[in-house]
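**Student:** Please arrange chain F with the ligands on chain U, whose structure you already have, making use of the hints.
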Amino acid sequence: MSAVIEEHHDHHDHKPTGIGRWLFSTNHKDIGTMYLWFSFIMFFIGGALALVIRAELFEPGLQFVEPELFNQLTTLHGLIMVFGVIMPAFVGLANWMIPMMIGAPDMALPRMNNWSFWLLPGAFGLLIASLVMSLMGMGSAPNFGWTFYAPLSTTYGPASTDYFIFSVHMMGISSIMGAINIIATIMNMRAPGMTYMKMPIFVWTWFITAYLLIAVMPVLAGVVTMMLTDRHFGTSFFNAAGGGDPVLFQHVFWFFGHPEVYIMILPSFGIISQIVPTFARKKIFGYSSMVYATASIAFLSFIVWAHHMFTTGMPVAGELFFMYATMLIAVPTGVKVFNWVSTMWRGSLSFETPMLFAIAFIFLFTIGGFTGLMLCIVPADFQYHDTYFVVAHFHYVLVTGAAFGIMAGVYYWIPKWTGNMYDETLGKWHFWLSVISVNVLFFPMHFLGLAGMPRRIPDYSLQFAEFNAVASIGAFVFGFTQLIFLYNVIKTARGKTSVKATSQVWEGAEGLEWTLPSPAPFHSFTTPPQVK
Amino acid sequence: MSTTNHGEYFIPEPSKWPVIGTIALVTTVIGAVHTIHAGELNWLLPIGFLLIAYLFFGWFGAVIDESMGGHYNAQVDKSFRIGMLWFIFSEVMFFAAFFGALFYARVFALDWLGGGGNNAATHEYLWPAFNAIWPVLSNPDNTKFAPPAEAMGASGLPAFNTAVLLASSVTVTIAHHGLRANHRKPLIIWLAITVALGVSFLFLQAEEYMHAYEQMGLTLDSGIYGSTFFMLTGFHGFHVTMGTTMLLVMLIRSIKGHFTSDNHFAFEAVAWYWHFVDVVWLGLYIFVYWL
Ligand code: HEM
Ligand SMILES: [Cu+2]
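Protein chains in written order, with my numbering: chain U, 1 to 532; chain F, 1001 to 1291.
In case anyone wonders, no lab produced these hints; they're calculated from the structure.
Predicted, not measured: the structure shown is a model, and the values here were computed from it.
Be aware that a few hints might be false.
[As the list claims (entries may be wrong)] The calculated lysine-lysine pairs, modelled on DSS-like cross-linking and capped at a C-alpha distance of 27 Å, are: (1) Lys15(U) - Lys532(U); (2) Lys1016(F) - Lys1078(F); (3) Lys282(U) - Lys428(U); (4) Lys1016(F) - Lys198(U); (5) Lys532(U) - Lys1078(F); (6) Lys1144(F) - Lys15(U); (7) Lys491(U) - Lys532(U); (8) Lys428(U) - Lys283(U).
Looking at chain F on its own, in the form it has when it is part of the complex:
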């Protein structure tokens, strides 16, 4: 990838990736809508996903080439850092919407359905049998939303998974120290351990989901408890998947020797992301599983 020199600044050459990105997303969206509605263009969905994968490989590949080619100066590095930081902030706000829904449901919606505040009449006329108890094991209308048989506890697997994720935040930091000290071996080993911890987390979460669906009757459509449980942990799990993939890429790049002790923004960005995923999990563990 060639670049033009604009005085002291770096500006990338024209690039096809943004347009490909748009085509990929539009394809995915049309495919997704047709999949939901059993329409005839549903085959566009996998094509869209492939295009997105192509986009990621291509675009990030181009950036890596530029970075390895020494085109980036300190200013570009700083722009990337600012970009990543505020991207993570926007992700926090995405989760905030779902946490907000959880708190609202627990504090207001249930209370009012159960006759709290000045809602005695609401309770009496809508679902007089409903009791406002969290976790909700009996929905206002159990014929529409079959309730779960039991609630997900905080001890056992979820507690273990918390430990796994917390440990992975530590290991990625150790790996980072190794990188900063130019010690490649600890870098690679600790990064590999981090990836393994990420994969184990996902594996255990899949176990938990299976248990919830098969033994507990706790499903996405089992009322507000299941909705909030699966949407929050599900989006978190999706982010862990993304993070693990990114860590894996960092591992491969570390093995290839892409990073130096003072130039490894990509590694740091992924580490930030990983800590963010960890913090979100702590929120989840406290408010979804524990309290």
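The shape of chain U in the complex, shown without the other chains:
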């Protein structure tokens, strides 16, 4: 018996078994799977918080939650969705796909890869524990919004703020190591012949995203460290009485924060750039302009941060600079949208679920981009700032942008991961219910914001009632629709669907990942493939 196990152990393509397979993994696919499931679980936790928020906002007055708890819910919702859902999902997809796309056996630094993942349950355990304790009546969870402005988070922050600070540190370590790993993989593990300008766009967008991550996550670590010392060790970075300035907090935070929003969209750009050519059965239009556009967006994202602070107070020259610099971003973004549309132009299109999500992405993300342009006009932003208009803007770019991109990617690649086709009918139900309900949910928020409804409040005046009720209905439909997605993923993973996937999977798919069998072998390419 043991001899058999020994022999199995020596086998070339063995998978470790039991819990140890996951705890001690050095395999990019297993680690990718853990990232994706982590993100999925967080998606439902963050989503549950959002539904409580929307239930409270269904009608004016206070119904379900006290204002104090409401603040904690919005804070945790934002933090979980940004750091616990979108970012880990992208890293999960990177783990799965980048080695296969560039013809590598695994990531460059597999052990560190596993640590990057396992830090996340630790970090979010601390964060979510503070909410659970708050619900049990043991002090408040973080309640200052996902942007944790000083002095709300310094002078007035609850005790749990310190757990929040360290949890951000852990997320930062995780992201930096993940990014370094992705950079090393892309620079060093490409198959012979896979020159930079032959890399799939998804690899390119992640390459650039990884640089954004290592540039700004340390700044985030710096700002929470200053918070910590301001709170407990008497420094006065954000306290004017000692010669500091609370506005400094906002500058440092948004120096991280704006590149962060591009960290949350560039990989989705990459996913869409893989999917659209496949289902248009054409090569991507303007490959190199896609690469340059992504790089310009990344560069510009470092010099626009103060568009979040137009009403905070800045010299007029600053307001103007940040306004024009922000407007510039629309140019490379426009290039990308143009290229996706041109790729579809006169292609032989078919509309499987990944393509449906991709097309919805192109439409709806563009709406979010346009509202961004409205927001970056200084005098207009004085009116829109801190209203539901901003909430509408960033949910269009983040939900129908980043999250739809992830969903598209999951449908697109899950046959490769599991060897099984997902259930197309369920996929279509998921798509149509999502795309309708998400607009019911977020489109009215534009009108609410233009009419002056402030964000981050548990109660509002009567004239906002109708649109809020509509938005809440959309929220519940959207939330429960995601259970279809969950069911479809589980069904596919367990092989309960009737159709097995071929290695090509999609008729129009091109690239190294589609030359591997489905499901892909445990170690992707053990000898480098030759790329012409």
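**Tutor:** Structure of chain F with the ligands alone, referenced to chain U:
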């Protein structure tokens, strides 16, 4: 440590260290929060530190074993190099946040508190007695933040420490040349001198801190000048401590004969790190002490 051969590639076997790393950090964090708040789980902090030490010994030990066992090919070496390089870049950005805070405070925050720009009213209503002068020897509200009696000069000890650190960058380079030429004796001697210089720097900085706290009233909580001074030099000092420890490990490994003239990535990584710490110090010396 056994490794499986995957064609031409090296992939490490499953490893327990990442999970131990997470347990170590979570323990440390809970312990740290309880220490700050005088909570009852404060004993977790030293345990967390021990776990981190165990992590470093174990994980790096495993890597050293693999490296000595000849498992690493040129590709792994290059991955390590890329990793170290971008890790140092991320450290640069960490310091950039604190330098940014310093510049912002000096250029904008103080000026505006003193009535600069269109802030005459701010000045008048908040702290009309405040004068915007750097170094800040009188805070806007001296009852909340007791100001320092004097500022830290650039000459004397800080200048000497600059020389110490610059010299150590030179000595580590000489040691590296020795290693490349396969001359073990100069390698060990110059590396030992580098470690000694690192330790002296830390010792002198401790002296300086004591002087600041006891004689000058310059403390972490003496307003923005003290905040930026101690956070920048403090984090730098922490990095010097890390660097010196790493150099010490390299010294021990050199004595044990771990390195060859063409295979010594660990040594080079530590040398890069040490140069980085040196460059940060130059920035500090110019903007914190001198200008
Ligand atoms: C053409 C591109 C874009 C422009 C011009 C733009 C502009 C802006 C402006 C001016 C604001 C500040 C509004 C205010 O607070 O008054 C803002 C907020 C925001 N944007 Fe964008 N944006 C763009 C794209 C994106 C993308 C791609 C994302 C994320 C994927 C994003 C995420 C956010 C978020 C999360 C906020 C709100 C932050 C907060 O206060 O909580 N934006 N945007
Ligand atoms: Cu922004």
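**Student:** Each hint should be assessed against the structure and marked as holding or not.
**Tutor:** Going through the hints against the structure:
Note on Lys15(U) and Lys532(U): the hinted pairing is violated, with a Cα-Cα distance of about 32 Å set against a maximum of 27 Å. Straight-line distance between C-alpha atoms of Lys1016(F) and Lys1078(F) comes to about 24 Å, which keeps the hinted pair within the 27 Å bound. Note on Lys282(U) and Lys428(U): the hinted pairing holds, with a Cα-Cα distance of about 23 Å set against a maximum of 27 Å. Distance check on the hinted pair: Lys1016(F) and Lys198(U) sit about 37 Å apart at the alpha-carbon level, beyond 27 Å; violated.
Note on Lys532(U) and Lys1078(F): the hinted pairing holds, with a Cα-Cα distance of about 24 Å set against a maximum of 27 Å. The straight-line distance between the Cα atoms of Lys1144(F) and Lys15(U) is roughly 61 Å, outside the 27 Å bound, and the hint therefore fails. Taking the CA atoms of Lys491(U) and Lys532(U), the gap is about 38 Å. The hint is violated against a cut of 27 Å. With a C-alpha separation of about 25 Å, the suggested pair Lys428(U) and Lys283(U) falls inside the 27 Å cut-off, and the hint holds.
In the structure shown, a violation is registered for the earlier hints numbered 1, 4, 6, 7, in ascending order.
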